[in-house]
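Peer 1: Protein chains in written order, with full-length UniProt numbering: chain A, 1 to 148; chain B, 1 to 172.
Honestly, the hints are just simulated from the structure, not real lab data.
Quick reminder that beta carbons are idealized off the backbone N, C-alpha and C, glycines included.
Be aware that a few hints might be false.
[Said to hold, decoys possible] Chain B regions said to be covered by chain A (calculated; three or more residues, Cβ under 8 Å):
1. 4 to 11
2. 22 to 36
[What the hints assert, rightly or not] Computed footprint of chain B on chain A, listed as stretches where at least three residues anywhere in the stretch have a Cβ under 8 Å from a Cβ of chain B:
3. 53 to 59
4. 76 to 84
5. 115 to 128
[Stated by the list, open to error] Chain A side only, calculated, beta carbon under 7 Å to chain B, not exhaustive:
6. Glu-15
7. Pro-18
8. His-19
9. Ala-22
10. Gly-24
11. Val-26
12. Tyr-90
13. Met-91
14. Arg-92
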Amino acid sequence: MTDISREDFARAFTERLPHARAIGLVVEEIAEGRARAWIPYDPRLVGDPETGVMAGGTVFTLLDTTCGAAVVGHPLSGGVTATLDLRLDYMRAATPGQRIRARAECYHVTRSVAFVRALALDDDEETPVAAASGAFTFTPRAEQEAEA
Amino acid sequence: MSRPAPEPVQVVKQRRDAALEALVGHVPYFQFLGLRFDRRGDELTAILPYDDKLIGNPALPAIHGGVTAAFLEATAVIGLAWSVLWEDLESGRMDPAAVAAGALPRMPKTIDFTVDYLRTGLPRDAYARARVTRSGRRYASVRAEAWQDNRARPIAEATGHFRMPEPAECGA
Numbered sequence: 001m002t003d004i005s006r007e008d009f010a011r012a013f014t015e016r017l018p019h020a021r022a023i024g025l026v027v028e029e030i031a032e033g034r035a036r037a038w039i040p041y042d043p044r045l046v047g048d049p050e051t052g053v054m055a056g057g058t059v060f061t062l063l064d065t066t067c068g069a070a071v072v073g074h075p076l077s078g079g080v081t082a083t084l085d086l087r088l089d090y091m092r093a094a095t096p097g098q099r100i101r102a103r104a105e106c107y108h109v110t111r112s113v114a115f116v117r118a119l120a121l122d123d124d125e126e127t128p129v130a131a132a133s134g135a136f137t138f139t140p141r142a143e144q145e146a147e148a
Numbered sequence: 001m002s003r004p005a006p007e008p009v010q011v012v013k014q015r016r017d018a019a020l021e022a023l024v025g026h027v028p029y030f031q032f033l034g035l036r037f038d039r040r041g042d043e044l045t046a047i048l049p050y051d052d053k054l055i056g057n058p059a060l061p062a063i064h065g066g067v068t069a070a071f072l073e074a075t076a077v078i079g080l081a082w083s084v085l086w087e088d089l090e091s092g093r094m095d096p097a098a099v100a101a102g103a104l105p106r107m108p109k110t111i112d113f114t115v116d117y118l119r120t121g122l123p124r125d126a127y128a129r130a131r132v133t134r135s136g137r138r139y140a141s142v143r144a145e146a147w148q149d150n151r152a153r154p155i156a157e158a159t160g161h162f163r164m165p166e167p168a169e170c171g172a
């Protein structure tokens, strides 16, 4: 991560994930165990046709990806991660027509496990759409370099 | 004691399949994922046919964890809505023709959803089933499990809480 910019790293991360591309997910920033990403409003991803609200599964995907990005951006991480578990609390429906933004942070990291929390927001930043917390495994940086 | 003759099996099947289609057929996100439901009596199995756009990690390759979660959540919420609809339909509380025409109760709303990732989701079809562990008037708890080649080796399991729609929230 030393030889490429944060923006390039974030862009490369998104481009490597076919499903992220399929839903138009954009990872904006990955830095020091934190990440920010968003998805545009997309009628194809609506879960409730009566209200036009995007499916909860899209919010889950956004938060899982943002958490994963935060883990690979952690200084101790070798760049490979997998979700062990993730819990989402759905606080309210996202407003149709607005993009959903997410920010995630690793709030504690052991040798191979990162504890991560994240929030999803739309234009009303006072009340989050959803909150996530979970545990992610990762390959430590040193170990990966030794294997290489 | 004379009992009414049982309905012809085609009539029963048609009614149940039409109700299931009314429940899942109009959700754009399910169509985007390619999700469908297989019905055996009242038992539903959700099927997620493999597609390249579901991949999260092309190096392994593995299905995106968010897709697995979305698959399990869809299985759970449809399983819950179906269990309620089944009772209403079979008891005659709901008119099958009206249901087929789209007069469905509102869907349960997810309060929280937790996914345990047990194994890598491989690039092949996935299946899932839900079990309603508690169904109350206002809240329900549902478990769901997804697997691929081997039923005994689940790739993920989930548990979630849902708020049941108010009876007055019935759609038109």
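Peer 1: For every hint, state whether the structure bears it out.
Peer 2: Consistency of the hints with the structure:
no.	hint	in the structure
1	4 to 11	violated (count 0)
2	22 to 36	holds (count 7)
3	53 to 59	holds (count 5)
4	76 to 84	holds (count 3)
5	115 to 128	violated (count 0)
6	Glu-15	10 Å, violated
7	Pro-18	4 Å, holds
8	His-19	4 Å, holds
9	Ala-22	4 Å, holds
10	Gly-24	12 Å, violated
11	Val-26	15 Å, violated
12	Tyr-90	5 Å, holds
13	Met-91	9 Å, violated
14	Arg-92	10 Å, violated
Violated hints for the displayed structure, listed by number in ascending order: 1, 5, 6, 10, 11, 13, 14.
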